[in-house]
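These protein sequences, in sequence, are chains A and B.
The first sequence runs 15 to 598 under the working numbering.
The second sequence runs 5 to 190 under the working numbering.
Check the hints yourself; a few may be wrong.
[To be verified] Here are the simulated DMTMM-like cross-link-like pairs (lysine to aspartate or glutamate), alpha carbons at most 20 Å apart as the crow flies: (1) A:K152 x B:D106; (2) A:K148 x B:D40; (3) A:K327 x B:D40; (4) A:K148 x B:E42; (5) A:K314 x A:D289; (6) A:K148 x A:D126; (7) A:K538 x A:D332; (8) B:K92 x A:D321; (9) A:K312 x A:E341; (10) A:K327 x B:E31; (11) A:K152 x B:E42; (12) A:K165 x B:E89; (13) A:K530 x B:E31; (14) A:K327 x B:E42; (15) A:K388 x A:E502; (16) A:K388 x A:D289.
FYI, nobody ran anything at the bench for these hints, they're computed from the structure.
Just so it is clear, the structure is predicted and the values come from calculations on it, not from any experiment.
The residues making up each chain are set out below.
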Amino acid sequence: MARQMTGAEMVVQALKDQGVEVVFGYPGGAVLPIYDAIFQQNDIRHILVRHEQGAIHMAEGYARSTGKVGVALVTSGPGATNAVTGLTDALLDSIPLVVLSGQVPTFMIGTDGFQEADTVGITRPCTKHNWLVKDTAKLSEVMHQAFHVAKSGRPGPVLVDIPKDVQFATADYTEMPAARTAHYQPRTTGDTAQIARMVEMMETAERPLFYTGGGVINSGPRASQLLREFVAETGFPITSTLMGLGSYPASGQNWLGMLGMHGLYEANLSMHGCDLMLNIGARFDDRITGRIPDFSPKSKKVHVDIDPSSINKVIRTDVGIIGDVAEVLAEALRQWRARGSKVNKEGLAKWWAQINEWRAVKCLTYKNSTTVIKPQYALERLEALTKGMDRYITTEVGQHQMWAAQFLGFEDPNRWMTSGGLGTMGYGLPASIGVQIAHPKSLVINVAGEASWLMNMQEMGTAMQFRTPVKQFILNNERLGMVRQWQELLHGERYSQSWSESLPDFVKLAEAFGCKGIQCTDPKDLDDAIMQMLRYDGPVIFDCRVEKHENCFPMIPSGKPHNEMLLGDADTQGVIGAKGAVLV
Amino acid sequence: MSALNIKKGSTSHSAYELRDPNTPVIESHTLAVVVDNESGVLARVIGLFSGRGYNIESLTVAETDHASHRSRITIVTTGTPQVIEHIKSLLERMVPVHEVHDLTVEGPSVQRELALLKVAGHGEARIEALRLAEIFRANVVDSTLESFVFEMTGTPVKIDAFADLMRPLGLIEIARTGVAALSRGA
Ligand SMILES: Cc1ncc(C[n+]2csc(CCOP(=O)(O)OP(=O)(O)O)c2C)c(N)n1
Ligand SMILES: [Mg+2]
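Excised from the complex, chain B in its bound form:
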């Protein structure tokens, strides 16, 4: 029952200081979402994130069951545990969503991303790039006298590491698919 004690003409009081100042830990989770492959479904899923200011680190989607027109969307997202829980239940209640799996908490999983990297160079740098590619098990899928296109799959961390090494050797362009993931075991 305390008084607000706001003086006439004062400007310092705001009614909008509602945020909790103790921001808890941010986690990264990989979600697999099985949806009907109907028009607008991706916009619906993405809108759920963008409309609430939640993050999408990466997102991949393709029809995985042609007979029943189901697509699998793999989303890597970050947020507080409460936000992650909220995202999952928001996804679950969407009409075209059939299944939501949080691969980060549902036991071990494999996560892979495909990347294409274009590296241009001559002489030593070119040879060094090829040598490193071999170590990282990247394939050459296109080559000219001045360039290679490497293809590699791996975890996002491995791709980051390879890209970092290629940068001084003439990396000029990179395309990444984002993560596809499955739980381990049957």
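If we strip away everything but chain A, and leave its shape as in the complex, we get:
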């Protein structure tokens, strides 16, 4: 006998059956029946946010740090439209989310009813798929399908829009195994013949390079493990996108650091100069490629991606392998070992000699100060003082984000949560709460810029209510620093609207929320202040006053090739020669 229940009960039952433990949400008229069903059970924890955008970013942080599907619940109309930025963020970064939205009752759809919005219309381009469920009998099956679609193939956000009368009505519950999911089964095993071509190329390449991305993380811990074995056994150098940090350890011998617009000199020059590029789960984003016609002109390119539409989208590849990273790496490793684990030793030795010359440039060198805190120094100290801790990092968007990627080291996957594809200011604070909910005992730090942080600062209320001891490490330059940097370099130093005026007193703000506020202005006090933050058992807002006009280098200006990288301020003024600039 099928179980009979209301639509609202089905939602909760399906969440339980899918193994969901936490829902991030905000109530309203169109989801009251679901909130009523949530009230009457104890298996699923509901985290009440302060703004629906916060709910989606928390669900993202939760998903990225656990590998599970994140779940959010919002009401119709403004609740759903507030979710749009988060959905787009999750789509671009391939984060699995199931977002449930309330809708006006079916008989009112299309009447411009109170809090009616065309939610499936609005969210169609920013979800992997969405459903408007008009019949309670179909609701439970759609719920199960939603989870299936969110996590299968290239992960992404899905949305289920549920009219209020559908939540009230009663129907049979479709159990999870009975839900039809057969037709959406993206391919996960790579073509063995193509993998063989990749392996052959690896045996002879003189200047090979692994270029890895978020796909390695999304594929799960096994993918990172296999990648580490492959790198260790081949001796190939490896770089990663912003999204892929942690899949190969930052302390690993073959690690070149992050590549891309603010990537390391050695990583970008290796991309430019390699003769075999092994793209594993990255997507040739424009932050990576720079000017397309000049992108790595001499290399053969292998691209492993679970999404066929990523292959040959921007860069023509020589070997395209559609499949899950872990499965493809396992097969490639098996074939390569079976053929005798061969590499071009001579070529590789020369390649490493070249790379080590690039490394010697020490592109992250900055000019420190004894009077002002340099943002890079702040992050170096944060890194040193949290090294070896069970640590998760989220970020906002801007210079601080790039410095965090450059100066913090990630040893494991799922430890680094940042808005890469969309670059959403306001992501980091809610994401840090989502991470902390999933890992209550771990150290969770949001490396923030003051401007980004203000965008979702209301979520400090959520952090307080749910006792998530998140550390908000704000590199406060009183500037929209990244915007200011571009204006300096590309718009003749006309600083149009890139000041953070009328900032709050962050320490008082912390007190107002009931948490701890710390301000640090002197580099000599920094270590103590950071230790104070780490020792405090509760949320902390750390106002780290940093140099206001520091620029983030290296930088490849948009539309420039990798080998036209700016290394320091002197480069931009053309005063000191490039070699000299390195030393600044």
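Here the structure of chain A is known, so what remains is to put chain B with the ligands in place on it, guided by the hints.
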């Protein structure tokens, strides 16, 4: 490691010159897409094109399998080979899409479009219109003393040719279905 050398106050440098100036050839392809006939599916397919600035030359859709609620969408699109490839893989990864066929590359195919043309006129022009209709195998499906409605099926090129001939003879309105297409052979 070159310097940007941008002078203070200069406006000539833009960071947004990213487009490849060598625009390659534009091709026209006919795609047959089998989808679940669920609400929003057409909006989803069209949105894929409009959201990326890709072209739809024509689009036809109807449920072709009532038992399993499948519809067949026939799309004629134009773009560079890379864009066409991208469109196909974007269509393939959509949840309600079951099959994507590029009839332009998957061997020979037949392509037909239906058109209705209203031609108004008197005397010689009216007789000439009827004569040409016969040559083009267009049927008269409505007639009054001053007008005909012709129905014709054919390739879009043939319909274009017929419409061009009818224009000076009093063509006042035309309705076209867009292309339906099937591959030849079994
Ligand atoms: C929602 C949103 N609006 C605007 C931008 C454009 N933007 C990118 S970085 C940035 C400045 C960020 O300032 P802050 O958070 O203080 O970081 P900083 O660069 O100073 O470290 C802006 C406005 C964005 N990425 N996201
Ligand atoms: Mg700032």
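Results for each hint:
no., hint, verdict
1, A:K152 x B:D106, "34 Å, violated"
2, A:K148 x B:D40, "17 Å, holds"
3, A:K327 x B:D40, "26 Å, violated"
4, A:K148 x B:E42, "12 Å, holds"
5, A:K314 x A:D289, "6 Å, holds"
6, A:K148 x A:D126, "17 Å, holds"
7, A:K538 x A:D332, "53 Å, violated"
8, B:K92 x A:D321, "12 Å, holds"
9, A:K312 x A:E341, "28 Å, violated"
10, A:K327 x B:E31, "17 Å, holds"
11, A:K152 x B:E42, "13 Å, holds"
12, A:K165 x B:E89, "25 Å, violated"
13, A:K530 x B:E31, "63 Å, violated"
14, A:K327 x B:E42, "29 Å, violated"
15, A:K388 x A:E502, "18 Å, holds"
16, A:K388 x A:D289, "38 Å, violated"
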